[in-house]
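**Student:** As a plain string of letters, each chain reads:
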Amino acid sequence: MTIRKKGYTHWEGELKESFLVWFPLTRLGIKLAFQRRFFRLFFFSSFLPALIFLAGIYISERLEDFRFMLKGSPPFLQITPNFFKIYLSSGLFLVLLVLMMIFVGSGLIADDLRFNALQLYFARPLRKIDYLVGKIATLSFFILLLSLVPGLLFILFKLLFAGNLVFLRTYPWLPLAVIGYSLLLTLFFAGYALALSALSRNSRYVSLMIFGIYIASDIVFGIFYQNFHHPYLALLSIKLNLQQVAAAIFGQKPFYQVPWELSLAILLGLMVGAYFILQRRIRSVEVVK
Amino acid sequence: MRQSKTLELRNISYAYGRIKALSGISLAVDRGPIGLLGPNGAGKSTLLRLLLGFLSIQEGEAKVMGYDIARETKRVRQIVGYMPEDESYIPGVDGVTLTALLGELSGMPRQEAMKRAHDVLFYVGLGESRYRLVDTYSKGMRQRLKLAQALVHDPQLVLLDEPTSGLDPQGREEILELIKDIAAHGVQVLVSSHILPDIEETCKEVIILNRGQVAAQGNLQQLKQLNFNLYELRLKGEPTRFLNRLQAEGCQVEKMEEGYWKLYLPSELSARLVFKLAVEEKVQIRHFLKSQSRLEDLFAQVVGEEE
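Residue numbers (the working numbering), protein chains in the order written: chain A, 53 to 341; chain B, 15 to 321.
Everything labelled a hint here was simulated from the structure, so no lab data went into it.
We put the CB at the ideal spot given by N, CA and C, even for glycine.
Keep in mind that a hint or two might mislead.
As the list claims (entries may be wrong) - Pair ranges (Cβ atoms, derived):
| no. | chain 1 | residue 1 | chain 2 | residue 2 | range |
| --- | --- | --- | --- | --- | --- |
| 1 | A | F99 | B | S152 | 46 to 56 Å |
| 2 | B | L147 | A | L217 | 28 to 38 Å |
| 3 | A | A317 | B | P53 | 53 to 63 Å |
| 4 | B | L147 | A | F94 | 19 to 29 Å |
| 5 | B | P53 | A | I181 | 52 to 62 Å |
| 6 | A | F94 | B | R45 | 20 to 30 Å |
| 7 | B | E142 | A | A107 | 45 to 55 Å |
| 8 | A | K68 | B | S152 | 27 to 37 Å |
What the hints assert, rightly or not - Over 10 Å on every C-beta distance to chain A, these chain B residues come out as not near it, computed from the model:
| no. | residue |
| --- | --- |
| 9 | Q92 |
| 10 | D133 |
| 11 | R146 |
| 12 | P211 |
| 13 | Q231 |
| 14 | Y245 |
| 15 | G251 |
| 16 | E252 |
Take these sequences, add in the hints, and give me the full structure.
**Tutor:** The following block contains the structure:
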C-alpha cells in the first residue's frame, strides 16, 4: 500500500451551515436498510395489503361488474372512513410496522453505540437534536410510505374511479384524519424503536425488545381481559390503544368502552418516555469513553 | 482564516461530581504541532472533550483557533478534525462513503465531500481499499480511516488521540510521517499520546498534564534544556545519605542498572554541588556524564516531581 503518493492538499471550498444537517444521516439509514436483500423482499411485500385495499376501491365503484363474485356489498367494499381505519389500524398493518421497525430501527442507535460512531458524528457541527431528527426521519420515511402515502392514494383513486368529488364533499376531513393518524403512528413507532435501540449496544436484543414488548402488551391484556372483562384493560395493549385512537380520528365508535383520550394519553406518555430515554442515552459523556 | 492562538485556556476547571479532572488550567499555544502528555487520569481526555465541546466548561474560558468553545461550539467543530482513540466507525458502509458522509456533516457540499473523501483516502494510503466495507478493515486500516475522516473537511486544527495506537512499526512510522506532513502544510496538530517518542518526533510544543494541572508547557527543546540538566552517575560506597541530600536540594534521582544513577539536576543548581555533597558523604563518583535529555526524562522529571 503506497502512502503519500499525493501530499496533503487543502480544500478550496467553503463549509456551510445547513438546517438540513441531519439529512445525510437519514439518507444513510435508508440506504443501509435497502442494502439487505431480505429487507427489500419484506419492503415490497408490505405493500400487498395496500394493493388489496386499492383493488377494493376499484371494485366498490364497479359493483355491478363484480356482482357475480359478491353476495351483497361486504363492509370491505363500503368506502367510508371506516375503510381507512381498517387499513391503518388493523392488527396485520400494525405488525407490519413493528417488523419494519425491527428491520430499519433496531440498529439505528444501537450500532452507533456499539461501534463508537457517536464521537465521529458529534465532533461535527451536529447537535443531539439533529442526530435524533436524522434517525427519526429514516424511520418516518418507511412508516409514512406504508401509512400516509397509501391513505392519500386511496382517496385520490376513489375520486378518480368515481369520476366526481362526492366522496370528498361527504368526508372533507378525511385527508386530515389520514395525515393526523399517520403522523401519530410515525412519531409513536419512531420513538418506540429508537428508545429501545438506544437501550442496548446489540441490535439483536433491540429487535427482540421491539417485537416482545409490542406482543407482550397484547398478551397481558388478553390474560387480564379473559378473567376480568373490564374494558379499561385495553389500555394495557399498545395495539388496542392505537386502534382506539384510530377509531376516534376516523369518526368510528371505539371497540372498547374506554375514553379514546386515555389511549392517546398513554401513547403520548410512551413517546415522552422515549424522548427521555433518548436524552439520557445520547449523552456527550458517551461520546468519549 | 483568523490569525489567533491555536489554544487559549484561562483557568479551566472541570469535575465529574466530586472528582476534579481539571483544576485551573491556563495556557496559550501559538503554533503547533502540540503534544499533550500525561499519565492515566491526568485529564488529557477531559481536556479533549472540552475542546470539542462534548463537555461544557464549568469554570474558566477556552478558545480554539480564536473561537470560544462555549459560545461558538458549532464553528469550533467545523474547523477542528478529531481522530478518536478507540475504534470508531459506521458499520455497513465503505471507506469512501463514511469519509464523505462525515465531510458532508461538517458542512461540505455532497459532491465536494465525495471528491475530497477520495483524495484524503489516497493520502492516508487507503486509496485501493476505499470501496471495501469498513467492517473488513484491519486495525491499521481503521486507524488510517480515522485520520482520513478527521482531515476530510480540511480542518485548521486536528486533534489526534493516540494516533499510532495498535500499529506495527512500519504503520506507526507512516502515520507519524503523515502527521508531520499535515503540520508542514499549515494544519495545526495536537497529538495526545502516551508514546513519548511519537510526541518527540512530531511535536514542537508540549503540554504535560498531571493530576488535572499543567505540570509543564512550552517549546519541547527549550523545556528539555531549561528545566534541568541530566547526568549519569556511577557511585562507589554507601549512597543512601548522599542521594537523600541531593533530593533535599531539589534533585531527582532514578536508579538505572547496578551502581548507575540518573540525576535530574535543576538548572539553577551547579554540578559542583554534586561533588561537594559526595565529598561530605564520603561517596566516590566514578562516572559523571552529562546526558542528552529526552522527552521521557522531561516527563519523568515533571510528573515525578509533582508526585
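**Student:** If any of the earlier hints don't hold here, list their numbers in rising order.
**Tutor:** 1, 2, 5, 6, 9, 10
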